[in-house]
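Participant: Chains as they are written, first to last, in the numbering used here: chain A, 1 to 116; chain B, 117 to 512; chain C, 513 to 742.
FYI, nobody ran anything at the bench for these hints, they're computed from the structure. Glycine included, every Cβ here is placed at the ideal spot set by N, Cα and C. Heads up, some of the hints might be wrong.
[Said to hold, decoys possible] Heads up, simulated EDC-like pairs for lysine to aspartate or glutamate below, C-alpha to C-alpha not over 20 Å straight-line:
{"id": "1", "chain 1": "C", "residue 1": "K735", "chain 2": "B", "residue 2": "D185"}
{"id": "2", "chain 1": "B", "residue 1": "K151", "chain 2": "B", "residue 2": "E198"}
{"id": "3", "chain 1": "A", "residue 1": "K64", "chain 2": "B", "residue 2": "E272"}
[Stated by the list, open to error] Pulled a few chain C residues facing chain B out of the computed Cβ check, cut under 8 Å:
{"id": "4", "residue": "G632"}
{"id": "5", "residue": "S701"}
{"id": "6", "residue": "R704"}
[Unchecked claim] Here are a few chain B residues that sit away from chain A, every Cβ distance over 12 Å (derived from the structure):
{"id": "7", "residue": "K238"}
{"id": "8", "residue": "E252"}
{"id": "9", "residue": "G423"}
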Amino acid sequence: MMSDLKITAYQCKQCGRIHYPLHERCIDCLATKFEEVHPEGDAKLLTFTEIYNLPWGFDVRTLKIGVVEFANKVRAMGQIHVDDFSKLKTGMKLKAYWEPVRNTDEGEVFGLVLKE
Amino acid sequence: MREVAIIGVGMIPFGRRDEDTLLDMLAEASMRALKDAGMEKKGVDAVYVANMGAGILQHQTSVASALVDRLSLMPAAADAVENGPASGASAIKNGVLAIASGYYDFVLVAGGEKMREVVGWKATDFVSTMTHPEVEYPYGVTLPGMAGMFTRLYMEKYGLTRDQLMDVAIKNQKMGALNPYAHVEMLITKEGIAESPDAVVNNPMAADPLHLYDMCPVSDGAAAVVLCPLELAQKATEKPPVVVAGFGQATDTHTLQERDDPTDLKAVTLAAEQAFTMAKMEPKDIDLAELHDAFTILEIAESEHAGFFKKGKGGIAVAKGETSLGGKLPINMSGGLKARGHPVGATGVAQVVDVVFQLRHELGDNRQVKNAKTGFTLNFGGFGNNVVAFVLRRAE
Amino acid sequence: MAVDMDLEAVLRAPAIDMPPYPAKMITLANGKKMVVRQAAINDVPTLLKAVKPTIEIDRDYYDIVGARLYAELLGWYKHRVRNEYCLVGQVDGYLVGIVNGRMVDHDIGMSYHTLAIDRGLRVGSHLFASKMEYHIEYLKQKEVWIVAESPIGFRRWMIEYGLIKQDGVQHELGGAGSYKLTEKLYFDSKPRLVTGTRPVPDKELRIAMAEIKVADETAIREKICGVKGR
């Protein structure tokens with residue numbers, strides 16, 4: 001469910017620009033008051049890649065990573081969990097989940113996971 | 117403000133330097149620069165040391181203080197400068213400001229990095245610490261991954277082709293093979309990296325759509341420069357001083373996702389504009405450039421955003437040979453980060469060192485840009501969120 | 513030294529049928545052509561000249577790989593190892609890499625070592641792939657057992673091929689638990705990891721077969737450690 005996505009974006013109360021991650025001041029107008037917003041609607045794939053040389057701490061051979069924009073203009077990076085990379089196209093819609101994205105010594109880390 | 121000149125440069129060959137510590141490398145490059153400046157037995161007023169990773173990779177901090185001690189430069193002021201991959205140029209900028217302000221006269225700037233101390237996965241993780249700690253890093257995104265996503269958008273927007281990216285790789289490796297300081301001294305061919313069926317193994321995908329040969333190597337190395345006011349330069353050394361005619365620095369959003377147009381490298385454009393304005397020059401006045409080609413896409417994108425080519429035309433320029441030796445604007449005659457190597461903290465300093473070699477006309481015919489009088493460097497921090505540019509000119 | 517063939521009959525390993533490896537040619541990243549072919553047992557003294565300098569190279573585990581490979585090749589030469597083979601990579605006749613292994617039986621292959629003399633060109637990757645090709649496609653074996661001594665090897669083989677870890681199963685070389693390449697894994701990986709064209713053009717084959725040229729010790733050391741020691 002969208003409400004399970006633990007992504008809090010910040011919409012400037014003055015000019016309406018959406019920020020994610022947190023900024024102390026609006027990027028556009030420098031106002032300091034924000035309203036919390038959460039991703040809503042479809043996740044449109046803006047760009048993506050498949051990474052083959054991974055950083056320490058991942059047991060998989062490759063990672064598919066993308067940046068999506070939700071219908072309410074919240075943008076976020078996430079891991080793409082699809083089998084066939086060739087099916088991915090910029091502009092396509094993906095479903096968003098909040099699932100484990102890596103394992104650390106302190107346990108699983110959850111994040112945005114995108115699927116077909 | 118006083119004009120600032122570079123009167124000494126030094127560099128050590130980049131590559132894998134198992135036998136050297138970080139301090140060994142910084143010290144050797146510094147001594148070469150001091151000797152080049154005729155200051156082997158003299159002190160300096162201040163030392164700036166560019167380094168990104170000593171705290172993580174070598175478990176060492178306060179490298180500037182350590183270098184001062186190693187070089188017996190006490191009681192010089194000393195600061196370490198960390199600006200990711202733009203640490204080198206940032207450190208030089210600080211040195212320039214210190215002299216231009218009138219506060220210091222002789223400044224040593226050294227940059228170094230020892231990235232091969234750890235296995236590849238850990239070096240990749242170290243570089244990834246530049247990404248946003250909450251909204252990017254946890255996903256395992258790497259700088260090549262950021263470059264891959266950027267390249268996809270750039271290709272879609274401007275029609276940039278894989279061939280054009282390979283032209284950058286082939287050009288830079290060709291120049292690296294001629295550079296005694298380069299990490300990678302190996303010619304590559306289009307047949308070997310793309311056209312032959314064996315290319316799938318020779319040049320595997322690294323961060324789609326970028327391949328192995330679109331990436332710079334992981335390197336150890338160090339470089340250094342000595343700066344002083346131009347008015348003292350001619351007295352200090354017989355070599356033709358190189359003037360820092362202009363510099364610029366600009367930042368952009370930390371994350372790619374917050375840029376209105378992620379293909380727009382605003383910080384590159386702004387930093388370049390500032391440098392040209394200060395130098396009272398335009399891109400067309402530049403004889404050669406050292407750009408930050410950690411990935412082949414960046415050489416093309418930076419050449420456009422810095423104003424040398426129109427947006428979308430940089431790849432065509434490479435393909436036509438305009439950025440090769442003898443072309444309209446030779447770019448990365450050192451081999452660039454692609455072949456010279458990218459010890460992160462050293463790179464921005466090395467770029468300036470390479471331009472100084474050119475402007476002093478010290479290189480052989482196979483790399484020297486004829487009658488070079490002006491040069492441009494661009495040091496790209498993070499993924500374009502902190503960029504430093506220099507315009508350099510040969511003092512007449 | 514005179515060899516008593518009656519004693520040899522006792523001391524030699526009984527061989528099983530082993531089809532030859534057909535040579536192939538690979539274009540490297542620098543445009544040069546590498547011929548991958550099977551070495552003959554009589555090539556061993558030449559190969560040992562190339563391997564010997566590596567025994568003293570500490571970098572990247574060349575010393576342990578070199579020392580073990582030297583012993584394996586000698587063991588093969590003296591007929592003390594069952595069904596050992598050796599494939600070599602040559603560019604313009606010069607030796608650029610060596611791989612070896614053996615048949616344990618008709619079904620199981622044991623991968624021994626991979627030594628790249630020319631570095632930075634994926635010679636090791638190509639030669640490792642060639643020996644996997646030999647085991648699965650020509651020797652018709654069902655699986656190959658593999659261990660890695662270095663992080664580079666681990667990355668290129670265990671991770672790249674997605675090898676299956678065999679808990680509690682020791683490889684002949686001992687060390688960490690062994691991994692295996694199955695037929696399925698091989699054919700799944702083949703499109704992106706196993707390349708080369710056959711037949712080898714006459715000219716390149718003639719040069720490769722005429723002689724295995726070996727660079728001198730200094731050149732070998734420079735190729736492995738880099739000219740500037742880097």
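Participant: All the hints need checking, so say for each whether the structure fits it.
Facilitator: Structure-based check of all given hints:
no., hint, result
1, K735(C) <-> D185(B), "37 Å, violated"
2, K151(B) <-> E198(B), "26 Å, violated"
3, K64(A) <-> E272(B), "19 Å, holds"
4, G632, "6 Å, holds"
5, S701, "11 Å, violated"
6, R704, "5 Å, holds"
7, K238, "5 Å, violated"
8, E252, "5 Å, violated"
9, G423, "25 Å, holds"
Hint compliance for this structure: hints 1, 2, 5, 7, 8 are not met, and every other hint is.
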